[in-house]
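Undergrad: From first to last, the protein sequence lines are chains A and B. Just remember that the numbering used here sits 328 ahead of the position in the first sequence, which is counted from 1. Just remember that the numbering used here sits 77 ahead of the position in the second sequence, which is counted from 1.
FYI, nobody ran anything at the bench for these hints, they're computed from the structure. Hints are all accurate, no fakes.
Residues from chain A shown here face chain B by an in silico Cβ test under 10 angstroms; the list is partial:
id, residue
1, 342
2, 343
3, 344
4, 348
5, 391
6, 393
7, 396
Fair warning: this is a prediction, and the values are worked out from it, not measured in the lab. Every residue, glycine too, gets a C-beta built ideally from N, C-alpha and C.
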Amino acid sequence: MPQVVVDVVLKPEISDPQGQAVLGALGRLGHSGVRSVRQGKHFVLEVDGDPDEAELREIAETLLANPVIEDVELHLPTD
Amino acid sequence: MRIGVITFPGSLDDVDAARAVRLAGAEPVSLWHGDHDLKDVDAVVLPGGFSYGDYLRAGAIAARSPLMADVVAAARQGLPVLGICNGFQVLCEAGLLPGALTRNSHLHFRNRDQGLLVERADTAWTTSFTQGQRIVVPVKNGEGRYVAAPADLDRLEGDGRVVVRYVSTTPGSGVDGNPNGSSRDIAGVTSADGRVVGLMPHPEHAVEDLTGPSTDGLGFFTSVLTAMVAA
Chain A
329 MPQVVVDVVL KPEISDPQGQ AVLGALGRLG HSGVRSVRQG KHFVLEVDGD PDEAELREIA
389 ETLLANPVIE DVELHLPTD
Chain B
78 MRIGVITFPG SLDDVDAARA VRLAGAEPVS LWHGDHDLKD VDAVVLPGGF SYGDYLRAGA
138 IAARSPLMAD VVAAARQGLP VLGICNGFQV LCEAGLLPGA LTRNSHLHFR NRDQGLLVER
198 ADTAWTTSFT QGQRIVVPVK NGEGRYVAAP ADLDRLEGDG RVVVRYVSTT PGSGVDGNPN
258 GSSRDIAGVT SADGRVVGLM PHPEHAVEDL TGPSTDGLGF FTSVLTAMVA A
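Starting from the given sequences, assemble the full structure and let the hints guide the process.
TA: Structure, rendered in structure tokens:
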């Protein structure tokens, strides 16, 4: 069954305290080379038949992400 | 006057909101998220809680529930709507209010009595206050950090759409004013027409001396009675 992946991250201008908490942990663990961490969400959708890009884009942009504060990337299956 | 209080799966403060409506002198009417029926109410309150578990984003799924389609349509016609905490998140997700609510900057749930500065006393939900009045109302949230793009924040401030701002509860007490890192200490905003108001603090928990830090919260519920008479 075709899998469609949707990645959602906060826009660069919106601060991400969860990512900063991870960054702090990395520093304490000795990984001092990591300069920043942004945390996001990764959705995997299994769809019937050929993915309908327009419909999937609508799902991604109107429900899975909040376009006010988040950027969204849609990854359709490649063959 | 009939004021509807919507119950979503996961709403927690719908009964408190209905009680506040009754104490303010109006008739609370229970509304169910899955219906398409506003029951001819004169105003609507969206209560606090964790609608649909907030599993996707706070308020995201509730904003797309059947009844919210009717609320959005009615609000665009001027129906007064008050969103409290989770209700504020729902109103932002529904596009009735600008901005969004995200994880608190310190990542902790914060609950405490909170000082607020009333900046707009001419919305449908704040006429019982005076501009510049300081009030105390509880806050309790984990995703209460109000954010928007800097340009949008400038526009909001320029248009005077910040209704209440966080201030220290007791000046000089050392208690920080802003409980969650909200941009520019914004605690509540309004729609362009002043009929829709969303705020993170919980006025429904400050309506009786016995159970609240003040009775300041009652003012939000009495305001809409006057607003309806005027309209």
